[in-house]
Amino acid sequence: MPETIVKIENLVKRYKELIALDHFSLEIKEGEIFGLLGPNGSGKTTTINCLLSLLSFDKGEIEIFGEKMSPTNYNVKKQIGMIMQNVAVIDELTVYENIDYFCGLYINDKAERKKCVDEAVEFVGLGDFVKYRPKKLSGGLLRRLNIACGIAHKPRLIILDEPTVAVDPQSRNKILEGIQELNRRGATVIYTSHYMEEVEQICTRIAIMDKGRTIALGTKEELKKRIKNTETITVEVMQLSEEKLSEVRALAHVSETEYSEGRLVVKYSGGKHNLIRLMEYLKNNDIVIGRVFTELPTLNDVFLEVTGKTLRDSV
Amino acid sequence: MFLRLLKYDILTNMRNAQSMFWVLAFPIILSTFFNIAFSGLYEGDLLFESIPAAVVYQKDNEALRTALEAVSSGEDALFEIKELSSERANELLKDGKVKGIINVGDEITLSVKSKGVEESIIKGFLDRYLVSEKIITDCIKTDPSRAQDVIASISAEVSSINEKPMSAKNLDPYVQYFYNAIAMACLYGAFIGFSAAENNQGSISEVGARKCISPASQFVSVSASLAGSFIINSVCALLAVIYIKYLLKINFGVPVYALIGISVLASLLGTSLGFMIGSLGKIKRQVLFSVMLAVIMLMCFLSGLMVGNMYGLVQYYAPWFNKINPAALINDSFYTINVYGVCGRLIRNLGTMITESALFIVCGILLIRRRRYASL
Numbered sequence: 001m002p003e004t005i006v007k008i009e010n011l012v013k014r015y016k017e018l019i020a021l022d023h024f025s026l027e028i029k030e031g032e033i034f035g036l037l038g039p040n041g042s043g044k045t046t047t048i049n050c051l052l053s054l055l056s057f058d059k060g061e062i063e064i065f066g067e068k069m070s071p072t073n074y075n076v077k078k079q080i081g082m083i084m085q086n087v088a089v090i091d092e093l094t095v096y097e098n099i100d101y102f103c104g105l106y107i108n109d110k111a112e113r114k115k116c117v118d119e120a121v122e123f124v125g126l127g128d129f130v131k132y133r134p135k136k137l138s139g140g141l142l143r144r145l146n147i148a149c150g151i152a153h154k155p156r157l158i159i160l161d162e163p164t165v166a167v168d169p170q171s172r173n174k175i176l177e178g179i180q181e182l183n184r185r186g187a188t189v190i191y192t193s194h195y196m197e198e199v200e201q202i203c204t205r206i207a208i209m210d211k212g213r214t215i216a217l218g219t220k221e222e223l224k225k226r227i228k229n230t231e232t233i234t235v236e237v238m239q240l241s242e243e244k245l246s247e248v249r250a251l252a253h254v255s256e257t258e259y260s261e262g263r264l265v266v267k268y269s270g271g272k273h274n275l276i277r278l279m280e281y282l283k284n285n286d287i288v289i290g291r292v293f294t295e296l297p298t299l300n301d302v303f304l305e306v307t308g309k310t311l312r313d314s315v
Numbered sequence: 001m002f003l004r005l006l007k008y009d010i011l012t013n014m015r016n017a018q019s020m021f022w023v024l025a026f027p028i029i030l031s032t033f034f035n036i037a038f039s040g041l042y043e044g045d046l047l048f049e050s051i052p053a054a055v056v057y058q059k060d061n062e063a064l065r066t067a068l069e070a071v072s073s074g075e076d077a078l079f080e081i082k083e084l085s086s087e088r089a090n091e092l093l094k095d096g097k098v099k100g101i102i103n104v105g106d107e108i109t110l111s112v113k114s115k116g117v118e119e120s121i122i123k124g125f126l127d128r129y130l131v132s133e134k135i136i137t138d139c140i141k142t143d144p145s146r147a148q149d150v151i152a153s154i155s156a157e158v159s160s161i162n163e164k165p166m167s168a169k170n171l172d173p174y175v176q177y178f179y180n181a182i183a184m185a186c187l188y189g190a191f192i193g194f195s196a197a198e199n200n201q202g203s204i205s206e207v208g209a210r211k212c213i214s215p216a217s218q219f220v221s222v223s224a225s226l227a228g229s230f231i232i233n234s235v236c237a238l239l240a241v242i243y244i245k246y247l248l249k250i251n252f253g254v255p256v257y258a259l260i261g262i263s264v265l266a267s268l269l270g271t272s273l274g275f276m277i278g279s280l281g282k283i284k285r286q287v288l289f290s291v292m293l294a295v296i297m298l299m300c301f302l303s304g305l306m307v308g309n310m311y312g313l314v315q316y317y318a319p320w321f322n323k324i325n326p327a328a329l330i331n332d333s334f335y336t337i338n339v340y341g342v343c344g345r346l347i348r349n350l351g352t353m354i355t356e357s358a359l360f361i362v363c364g365i366l367l368i369r370r371r372r373y374a375s376l
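If you read the protein sequences in the order shown, they are chains Y and X. Residue 1 is where the first sequence starts when you use my numbering, and the numbers rise one by one after that. Residue 1 is where the second sequence starts when you use my numbering, and the numbers rise one by one after that.
It is possible that part of the hints are untrue.
Stated by the list, open to error - Below, simulated DMTMM-like cross-link-like pairs (lysine to aspartate or glutamate); rule was C-alpha separation at most 25 angstroms, straight line:
| id | chain 1 | residue 1 | chain 2 | residue 2 |
| --- | --- | --- | --- | --- |
| 1 | X | K282 | Y | D58 |
| 2 | Y | K131 | X | D138 |
| 3 | X | K7 | Y | E112 |
As the list claims (entries may be wrong) - Pair ranges (Cβ atoms, derived):
| id | chain 1 | residue 1 | chain 2 | residue 2 | range |
| --- | --- | --- | --- | --- | --- |
| 4 | X | R369 | Y | G308 | 41 to 49 angstroms |
| 5 | X | V339 | Y | D109 | 50 to 58 angstroms |
| 6 | Y | K68 | X | Q315 | 30 to 38 angstroms |
| 7 | X | R15 | Y | T4 | 51 to 59 angstroms |
| 8 | Y | K110 | X | Q315 | 53 to 61 angstroms |
| 9 | X | F21 | Y | Y74 | 16 to 24 angstroms |
| 10 | Y | K110 | X | R369 | 52 to 60 angstroms |
| 11 | Y | E181 | X | L298 | 38 to 46 angstroms |
| 12 | Y | E181 | X | R15 | 28 to 36 angstroms |
Said to hold, decoys possible - Sample of chain Y residues with no beta-carbon within 10 angstroms of chain X, all distances over it, derived:
| id | residue |
| --- | --- |
| 13 | G139 |
| 14 | N229 |
| 15 | L240 |
| 16 | T257 |
Worth flagging that the hints you see were computed from the coordinates, not collected in a lab. We put the beta carbon where it would ideally sit given N, CA and C, even for glycine.
Chain Y extracted, bound-state conformation (with noise of 0.2 angstroms):
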């Protein structure tokens, strides 16, 4: 049974009238790699920086590595490396010196730095740019630059908050390659965004938030099974009767269809080759069909059953 190592009771944080957390708990287990996903404002940001003690809170305790987690518990703090949502590295340093500089706040040995630095520096490929200021650098490497500052120590724990946030598609898939390889190196993660492909992607578990609370906890599977819609057809259809229409309807798992501007739409709950039965139906029927297209639940759809609102609705 892998340890929790972190764990988060009933915290409360609250600015003035609005409830940032509210009674918000979670417990984190050595290996994951662990996505809060939810909107902006459902207090992803606000949990983490509870997390390091860099903010108070009104209510609940944290606790991380087994230990309360306080502004001076340098212990826990060595353990832990933030990737931020926005890029924190010194303008005037070079790409080196800023991983050297942000290492040393963890590793005061010169030998013992300069081995991790090299190496966080192979890790996210900036090996060609060392000598680089950062504003030289494009939005994707300072991204990565990001990232090393904040890994280059070996933490046990690292968390990061929405770290592709305006990053082009190659180098956001690069930054999740490096994130499952830092966790198949023996580290566990905490990764918020409210891109739920990203979460998706990448995540052993996963826990949707809004307004503070948590309204889904568990493996994608696990969030997925929790919705009826289990499966989405959408077939073009040039000419659909009525009387068709009705028949569709009552195939076996549908749960609903819809019919509007030359679109087919069926959703099942459940079932098994819904879409060869679905096929054969409108061959049987001389039903003429363009394009196909099948959809599997998403965590957007997770959002949509529970909260009744889509995650980008409300991003």
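Start from chain Y and add chain X according to the hints.
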């Protein structure tokens, strides 16, 4: 850890173009302009031109005539004296061709058309003459046997004033502008001190947040930032001093050790002022920056950077302000050591500078020592 942080803080400040402009380039540019402006005045000999004055003798006064001849002769003549009739003297005074008329009758009086430096010099000369004459006359009346000693004593006093070695001093009023330029250079170190505070607050900057969540002691981190800022500010101030003294060849009238000492102390004052302002918290950066710039400019203005006699005006209307205004303290420290040497006034100035620096640093540390923020 302290030394490594210090090294990087020094590097960071050195490479910060904005800070370097304010603490190094701007004072150099300003002092160069001062030099161009004031060297024109010197070359025109405006400062040392003899003052034209008229003397109207209604009654003969051999002693005064001799004294006036003495100060009107030679290359460095103080006056250009014309003996005239009362009517002619008044005409010339009206036309501005003489600055004053010395009327010699039963009493010696002075007529001037306006009040200015040259009129004040004529008045000062006459006052001194009258005082000396009265001392000698009274002495002759009361104890004629001591008259010779009194005359010798007055002569010796005059002689000692005239012959006092001036090699290390500069009584030129325009040197004040260069004192102020140095004061401004040191106080602009506030920009560096400001960054030191900013980079150690998790609620203000991302870099500050990174430091706050690290296991590094905040005291060590803040100390290194402050020390790095102070060192860079001092070095820049000294470079500005070297530029003014050795390249512009301005005689500060202040020994080198005192120049260095006062500049370093002034740099500490500037750095700590910026550190305290930077610690004020979540006020918008641009607002704080603008306030700091305005405060420094105002302090320099009131100490005479833009208008030479401003220090005197403040001294007249609000002398307490000159005793706490950092720019005035720096300026007056240079002036005091130039004119009076090491004295109580200088020590009081330096003491106030040290006290203010300590106060600013303590306030700054108290403001940023919170380790958890209510909001970010």
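Outcome for the supplied range 41 to 49 angstroms, where the beta carbon pair is X:R369 and Y:G308: 46 angstroms, holds
Outcome of range test on Cβ distance (X:R15, Y:T4; 51 to 59 angstroms): 45 angstroms, violated
Outside-interface status for Y:T257 - nearest CB in chain X farther than 10 angstroms: Y:T257 is indeed farther than 10 angstroms from all Cβ atoms of chain X, at 49 angstroms.
Distance restraint hint 16 to 24 angstroms, applied to the beta-carbon atoms of X:F21 and Y:Y74: 38 angstroms, violated
Given hint Y:D58 paired with X:K282 - CA-CA distance at most 25 angstroms: Given that 25 angstroms is the threshold and the Cα spacing comes to 21 angstroms, the pair holds.
Consistency of beta-carbon spacing, X:R15 to Y:E181, with hint 28 to 36 angstroms: 33 angstroms, holds
Restraint check for X:K7 with Y:E112, where alpha carbons must lie at most 25 angstroms apart: The hint holds at about 19 angstroms.
Range hint 50 to 58 angstroms (beta carbons of X:V339 and Y:D109) holds or violated: 56 angstroms, holds
Cβ distance range 53 to 61 angstroms for Y:K110 and X:Q315, holds or violated: 55 angstroms, holds
Consistency of the no-contact label for Y:G139, given chain X and a CB cut of 10 angstroms: 15 angstroms, holds
Outcome of range test on Cβ distance (Y:K68, X:Q315; 30 to 38 angstroms): 59 angstroms, violated
Whether Y:N229 stays farther than 10 angstroms from all C-beta atoms of chain X, as the label says: Check passes; 39 angstroms lies beyond 10 angstroms.
The structure is inconsistent with the numbered hints 2, 6, 7, 9, 10 and 11, although it conforms to all the rest.
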